[in-house]
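A.B. asks: Now for the letters of each chain:
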Amino acid sequence: MTTHLHLSDVSLDYPVYHQSSRKLSRELIRLATGGQLDRDEQRRVTVRALSDISARLEVGDRVGLVGQNGSGKSTLLKLLAGIYRPTSGTLSREGVVGSLLDISLGMSPDATGRENIYLRGVLQGLSRREITQLVPGIIEFSGLGDFIELPMRTYSSGMLLRLAFSISTVLSPDILLMDEWLAVGDAAFQAKAEERLHEVVSRTSILVIASHSANLIRSQCNRVIYLEHGRLIADGTPDDVLPLYFSSAD
Amino acid sequence: MMYRRSVLGQFWITISMIVTFAAIGTVFGFIFNSPVIQYLPYLGCGLVFFNFLSLLLNDGASSFIAAEGFIRQLALEPIVYFLRSVWKTFFVLLHNALALALLFVFFPQGFSPATLLVIPGLVIAAAGTSGLALALAMLATRYRDVPQIVSAVVQVCFYITPIVWLPEALPVSVRDVILTWNPFTHLIAVMREPLLNTYPSLHTWATALGLAAAFIALGAGAYLWRRRQLAFWV
Numbered sequence: 001m002t003t004h005l006h007l008s009d010v011s012l013d014y015p016v017y018h019q020s021s022r023k024l025s026r027e028l029i030r031l032a033t034g035g036q037l038d039r040d041e042q043r044r045v046t047v048r049a050l051s052d053i054s055a056r057l058e059v060g061d062r063v064g065l066v067g068q069n070g071s072g073k074s075t076l077l078k079l080l081a082g083i084y085r086p087t088s089g090t091l092s093r094e095g096v097v098g099s100l101l102d103i104s105l106g107m108s109p110d111a112t113g114r115e116n117i118y119l120r121g122v123l124q125g126l127s128r129r130e131i132t133q134l135v136p137g138i139i140e141f142s143g144l145g146d147f148i149e150l151p152m153r154t155y156s157s158g159m160l161l162r163l164a165f166s167i168s169t170v171l172s173p174d175i176l177l178m179d180e181w182l183a184v185g186d187a188a189f190q191a192k193a194e195e196r197l198h199e200v201v202s203r204t205s206i207l208v209i210a211s212h213s214a215n216l217i218r219s220q221c222n223r224v225i226y227l228e229h230g231r232l233i234a235d236g237t238p239d240d241v242l243p244l245y246f247s248s249a250d
Numbered sequence: 001m002m003y004r005r006s007v008l009g010q011f012w013i014t015i016s017m018i019v020t021f022a023a024i025g026t027v028f029g030f031i032f033n034s035p036v037i038q039y040l041p042y043l044g045c046g047l048v049f050f051n052f053l054s055l056l057l058n059d060g061a062s063s064f065i066a067a068e069g070f071i072r073q074l075a076l077e078p079i080v081y082f083l084r085s086v087w088k089t090f091f092v093l094l095h096n097a098l099a100l101a102l103l104f105v106f107f108p109q110g111f112s113p114a115t116l117l118v119i120p121g122l123v124i125a126a127a128g129t130s131g132l133a134l135a136l137a138m139l140a141t142r143y144r145d146v147p148q149i150v151s152a153v154v155q156v157c158f159y160i161t162p163i164v165w166l167p168e169a170l171p172v173s174v175r176d177v178i179l180t181w182n183p184f185t186h187l188i189a190v191m192r193e194p195l196l197n198t199y200p201s202l203h204t205w206a207t208a209l210g211l212a213a214a215f216i217a218l219g220a221g222a223y224l225w226r227r228r229q230l231a232f233w234v
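Chains A and B are the protein sequences, given in the same order. Here the working numbering is used: the first residue of the first sequence is 1, the next is one more, and so on. Here the working numbering is used: the first residue of the second sequence is 1, the next is one more, and so on.
Hints were generated in silico from the structure; no laboratory data involved. Only a predicted model underlies this, so the values are computations on that prediction, with no experimental measurement involved. Quick reminder that beta carbons are idealized off the backbone N, C-alpha and C, glycines included. Treat each hint with caution, since some may be false.
[To be verified] Listed below are several chain A residues computed to face chain B (Cβ distance under 8 Å; list not exhaustive):
id	residue
1	TYR14
2	PRO15
3	LEU24
4	VAL59
5	GLY82
6	ILE83
7	TYR84
8	ARG85
9	ASP102
10	LEU105
11	LEU123
Only chain A is shown next, with the shape it has when bound in the complex (with noise of 0.2 Å):
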């Protein structure tokens, strides 16, 4: 099978727990006054963050989400992660999917530098003979030297977030998700980051983005889907689909 994204009509409620819906005692009060007192307790709130979304995602897509705020996606991107499963409708997947969501999740602010690729590295889903090959070119472009070992609370924020990126960048998957592209580090170390970060993308057969930069999606794209409300509101090329949007936003 060759790689894709399939989505054929994918909805996704979120089910909304909030303080009082959380707390047993409630189901206990409801069980015992026979749900007479608590009947709006009983109604789960939810929230559709996604709503009949049909796509079909190739090799060479390079795909930007645009949309507001809260229009979904980021629970789309989690949605094509694997993280959520659809409430509806069906996702087809193949090939190994990598994101670049949250890069420094699962870091240990005790443990070392050279450690922490490690811990980042397994969560990748590398070995720990894989990462042993891969540690002295991580470091090398981190450009932390000494500093890899000692333990990263002793880091400034710039420091963690380019030893981050350059745990995060030596994969190569199939379908690479982002959050927005990243920037970090001094303008030095951002040339670099640029240049690596273009790698990855170049390898990877589907590209899929959020972002609210036209500048952005109109680099590192060929198609856009604009979501509104969680619904698809159109879905093609960066020259018919942004002016739609940045209208909207008008």
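Starting from the known structure of chain A, fit chain B onto it as the hints suggest.
C.D. replies: The following block gives chain B in isolation, referenced to the frame of chain A:
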């Protein structure tokens, strides 16, 4: 990771267990007027194994809640976060076992084939309790009051399980009720009695096995039924 920057590191676990042996051993040894050579090993095994089971339940029940950030960001099968908690608890047991080993050096209980039965006992008790902990972890992620309930119930169980006190100290009528209906009694018995060089009765084995099977079924069932919901619950 928790013990970074402390000199004795994880051996604080061992040390605090030894101190507990000494403190409870002295006070209750006098109260029950039982010879130290018998009472201390009984107490030591009970404390270490109860500590093990209670940590499995308490830490296990909060394992998905603690891994919230991971569950929301990674498409890993969530059970790995639970197994991580079980693994951690097992290491705590190893440190406490060191304290127990030290106790046995001073108060040897002898060694016989019966002693080896501690291994199946441990497997049964650990697997069964993990099953229950998994079911509780699912429930706790959905209903956030559950971890507090678990910790309160486990705390009570410590007092109604023969760990510090000897079953013989209770009147028969009370004893039967407490010992029969408390799962901890059986799960601890299959681990403790072999170490004290006695064979657990067939009835004890059967009860422990039955409990373990039921708990595992409960945990596996709850997990398979609702694991897709976990990303929404955390």
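A.B. asks: Decide, hint by hint, whether the structure agrees.
C.D. replies: A quick look at each hint next to the structure:
no., hint, result
1, TYR14, "holds (6 Å)"
2, PRO15, "holds (5 Å)"
3, LEU24, "holds (4 Å)"
4, VAL59, "violated (21 Å)"
5, GLY82, "holds (4 Å)"
6, ILE83, "holds (5 Å)"
7, TYR84, "holds (6 Å)"
8, ARG85, "holds (5 Å)"
9, ASP102, "holds (5 Å)"
10, LEU105, "holds (5 Å)"
11, LEU123, "holds (7 Å)"
Comparing the model with each numbered hint stated earlier shows that hint 4 is the single one that does not hold.
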